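K.L.:
Position chain V against the provided structure of chain P, taking the given hints into account.
2 protein chains.
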Amino acid sequence: MPYELYYWPNIQGRGEFVRLALEAAAAPYVDVARSGRRGMDEMLGLMQGADLATPPFAPPFLRDGDLVIGQTAAILLHLGGKLGLAPADEAGRLWTHQIQLTVTDLVAEAHDSHHPIAVGLYYEDQRKEAKRRAQDFCRERMPKFLGWLERVLGQNPAGDSHLVGADLTYADLSLFQIVQGLTYAFPQAAQRTLAETPRVAALAARVKGIPAVAAYLASPRRIPLNEEGIFRHYPELDG
Amino acid sequence: MPYELYYWPNIQGRGEFVRLALEAAAAPYVDVARSGRRGMDEMLGLMQGADLATPPFAPPFLRDGDLVIGQTAAILLHLGGKLGLAPADEAGRLWTHQIQLTVTDLVAEAHDSHHPIAVGLYYEDQRKEAKRRAQDFCRERMPKFLGWLERVLGQNPAGDSHLVGADLTYADLSLFQIVQGLTYAFPQAAQRTLAETPRVAALAARVKGIPAVAAYLASPRRIPLNEEGIFRHYPELDG
Numbered sequence: 001m002p003y004e005l006y007y008w009p010n011i012q013g014r015g016e017f018v019r020l021a022l023e024a025a026a027a028p029y030v031d032v033a034r035s036g037r038r039g040m041d042e043m044l045g046l047m048q049g050a051d052l053a054t055p056p057f058a059p060p061f062l063r064d065g066d067l068v069i070g071q072t073a074a075i076l077l078h079l080g081g082k083l084g085l086a087p088a089d090e091a092g093r094l095w096t097h098q099i100q101l102t103v104t105d106l107v108a109e110a111h112d113s114h115h116p117i118a119v120g121l122y123y124e125d126q127r128k129e130a131k132r133r134a135q136d137f138c139r140e141r142m143p144k145f146l147g148w149l150e151r152v153l154g155q156n157p158a159g160d161s162h163l164v165g166a167d168l169t170y171a172d173l174s175l176f177q178i179v180q181g182l183t184y185a186f187p188q189a190a191q192r193t194l195a196e197t198p199r200v201a202a203l204a205a206r207v208k209g210i211p212a213v214a215a216y217l218a219s220p221r222r223i224p225l226n227e228e229g230i231f232r233h234y235p236e237l238d239g
Numbered sequence: 001m002p003y004e005l006y007y008w009p010n011i012q013g014r015g016e017f018v019r020l021a022l023e024a025a026a027a028p029y030v031d032v033a034r035s036g037r038r039g040m041d042e043m044l045g046l047m048q049g050a051d052l053a054t055p056p057f058a059p060p061f062l063r064d065g066d067l068v069i070g071q072t073a074a075i076l077l078h079l080g081g082k083l084g085l086a087p088a089d090e091a092g093r094l095w096t097h098q099i100q101l102t103v104t105d106l107v108a109e110a111h112d113s114h115h116p117i118a119v120g121l122y123y124e125d126q127r128k129e130a131k132r133r134a135q136d137f138c139r140e141r142m143p144k145f146l147g148w149l150e151r152v153l154g155q156n157p158a159g160d161s162h163l164v165g166a167d168l169t170y171a172d173l174s175l176f177q178i179v180q181g182l183t184y185a186f187p188q189a190a191q192r193t194l195a196e197t198p199r200v201a202a203l204a205a206r207v208k209g210i211p212a213v214a215a216y217l218a219s220p221r222r223i224p225l226n227e228e229g230i231f232r233h234y235p236e237l238d239g
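In the order they appear, the protein sequences are chains P and V.
Position 70 (the first sequence) corresponds to 70 in UniProt numbering; numbering is contiguous.
Position 39 (the second sequence) corresponds to 39 in UniProt numbering; numbering is contiguous.
In case anyone wonders, no lab produced these hints; they're calculated from the structure.
Predicted model, so just to flag it, every value in this text is computed and none were measured.
Any given hint could be a false lead.
As the list claims (entries may be wrong) - Heads up, simulated DMTMM-like pairs for lysine to aspartate or glutamate below, C-alpha to C-alpha not over 20 Å straight-line:
#  : chain 1 : residue 1 : chain 2 : residue 2
1  : P       : K131      : V       : E124
2  : P       : K131      : V       : D125
3  : P       : K128      : P       : E109
4  : V       : K82       : P       : D64
5  : V       : K128      : P       : E124
6  : P       : K128      : V       : D136
7  : V       : K131      : V       : E109
8  : V       : K131      : P       : D125
9  : V       : K128      : V       : E140
10 : P       : K82       : V       : E90
11 : V       : K144      : V       : E196
12 : P       : K144      : P       : E109
13 : P       : K131      : P       : E109
14 : V       : K82       : P       : D89
15 : V       : K128      : P       : D105
16 : V       : K131      : P       : E124
17 : P       : K128      : P       : D238
18 : P       : K128      : V       : D125
19 : P       : K82       : P       : D31
20 : V       : K128      : P       : D89
21 : P       : K82       : P       : D64
22 : P       : K128      : V       : E124
23 : P       : K208      : P       : D167
24 : P       : K82       : V       : D89
Claimed, not checked - Covered stretches of chain V, as calculated for chain P (at least 3 residues, CB under 8 Å):
#  : segment
25 : 10-17
26 : 91-103
27 : 172-180
We put the beta carbon where it would ideally sit given N, CA and C, even for glycine.
Isolated chain P, as found in the complex (with noise of 0.2 Å):
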């Protein structure tokens, strides 16, 4: 049985780093919202449904035979073992997913740096606030993640070609994505950090040389980033 991937069906979003995941170990998959017009419902069915015994907060959510599960790392974290996308020790499995829950945090920064009062509003209702905000998130906050990922690899007993050990994890694969995804809402800032952490540059470069990632990236199941989705680009915030 295929999985089945629950998601937005018009922004890359969180759910791209399952996508990601997905896609990059040839895994079958639904992406159930985007598959037909009674996708959408199916979702929010799922998800308020009063019978679940594990009802997520919000998407992405996966379901895997009788298991749903809710929260990006958490799938990953699931994911990762099944697929080959982490290492079967437990130690390695969890510096993966420790890596990928500050990804998180990043995430969620960057997010807020255009919707820095409420997710409630527009970010035309907030855009004095985000102005402040996504200042700080360019100059402070950008450099300090991509900084410490850049430690991650320098300092990887197996050399800097990957996050964790000599091989490809679901880490590597959500390192592409926050780059992809910085460089398309702040151009400028992003180049200016990237300039200073060269090994997540090339690590970044090599993921979307991947076979399965460029395929990915070629077909029409990767939704273009837009200004709907986590990292938009709004150029009076790049800085």
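P.N.:
Just chain V, lined up with the frame of chain P:
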């Protein structure tokens, strides 16, 4: 060998979720940065060291033998099985973790209610923005998160006395901690929300009465909530 917890010595903060698990399980641990004058140097040295294969991004982190683990939720994932504070089966372990990750999201939003612009600035420098964000937090986000926990309790096939199955897990301890924190920071909004989420309020009260937890709360090891941590009481933000 006792566990070594590394966290800021003057706040409950994110470290408190780990402290509560260790205390509830009566596990031997050293709160390194609080144990003597060199503790803080040890913490910063370990975090910034160039020879650690798994450098944490930020406190809290835990040393367990050869393992150094960062990210609160990852620490609890690791400790849950060892301390008997999570189910033994993979599905239950993942569900407990998923709840913790949603608590993590709430904690980040509670923090940003007083720091919506920049973690590096004082509250006084973002007071106006904090007022807008806290209003949304109190009226929209807190009820959404606690409402979800209420639903998790109501839909637990083993009954509503615990979040996962019929036994205490670290998720229950974390629920207690956020109820404590929210009630301290936003007494009016928390009281209003808890009146609508009676199962959450009841579970928090039960956790408080667990002998090991009660003994910890009455000890000098429990740092009082204050205006340096995640949950801060600024009366103008409560509403």
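K.L.:
Does each hint hold? Answer for all of them.
P.N.:
Results of checking the hints against the structure:
{"no.": "1", "hint": "P/K131 to V/E124", "result": "holds, 18 Å"}
{"no.": "2", "hint": "P/K131 to V/D125", "result": "holds, 15 Å"}
{"no.": "3", "hint": "P/K128 to P/E109", "result": "holds, 17 Å"}
{"no.": "4", "hint": "V/K82 to P/D64", "result": "violated, 26 Å"}
{"no.": "5", "hint": "V/K128 to P/E124", "result": "holds, 18 Å"}
{"no.": "6", "hint": "P/K128 to V/D136", "result": "holds, 17 Å"}
{"no.": "7", "hint": "V/K131 to V/E109", "result": "holds, 14 Å"}
{"no.": "8", "hint": "V/K131 to P/D125", "result": "holds, 15 Å"}
{"no.": "9", "hint": "V/K128 to V/E140", "result": "holds, 19 Å"}
{"no.": "10", "hint": "P/K82 to V/E90", "result": "holds, 13 Å"}
{"no.": "11", "hint": "V/K144 to V/E196", "result": "holds, 11 Å"}
{"no.": "12", "hint": "P/K144 to P/E109", "result": "holds, 12 Å"}
{"no.": "13", "hint": "P/K131 to P/E109", "result": "holds, 14 Å"}
{"no.": "14", "hint": "V/K82 to P/D89", "result": "holds, 16 Å"}
{"no.": "15", "hint": "V/K128 to P/D105", "result": "violated, 24 Å"}
{"no.": "16", "hint": "V/K131 to P/E124", "result": "holds, 18 Å"}
{"no.": "17", "hint": "P/K128 to P/D238", "result": "holds, 14 Å"}
{"no.": "18", "hint": "P/K128 to V/D125", "result": "holds, 15 Å"}
{"no.": "19", "hint": "P/K82 to P/D31", "result": "holds, 19 Å"}
{"no.": "20", "hint": "V/K128 to P/D89", "result": "violated, 49 Å"}
{"no.": "21", "hint": "P/K82 to P/D64", "result": "holds, 11 Å"}
{"no.": "22", "hint": "P/K128 to V/E124", "result": "holds, 18 Å"}
{"no.": "23", "hint": "P/K208 to P/D167", "result": "holds, 15 Å"}
{"no.": "24", "hint": "P/K82 to V/D89", "result": "holds, 16 Å"}
{"no.": "25", "hint": "10-17", "result": "violated (count 0)"}
{"no.": "26", "hint": "91-103", "result": "holds (count 7)"}
{"no.": "27", "hint": "172-180", "result": "violated (count 0)"}
The structure fails to meet hints 4, 15, 20, 25, 27 from the earlier list, while all remaining hints are met.
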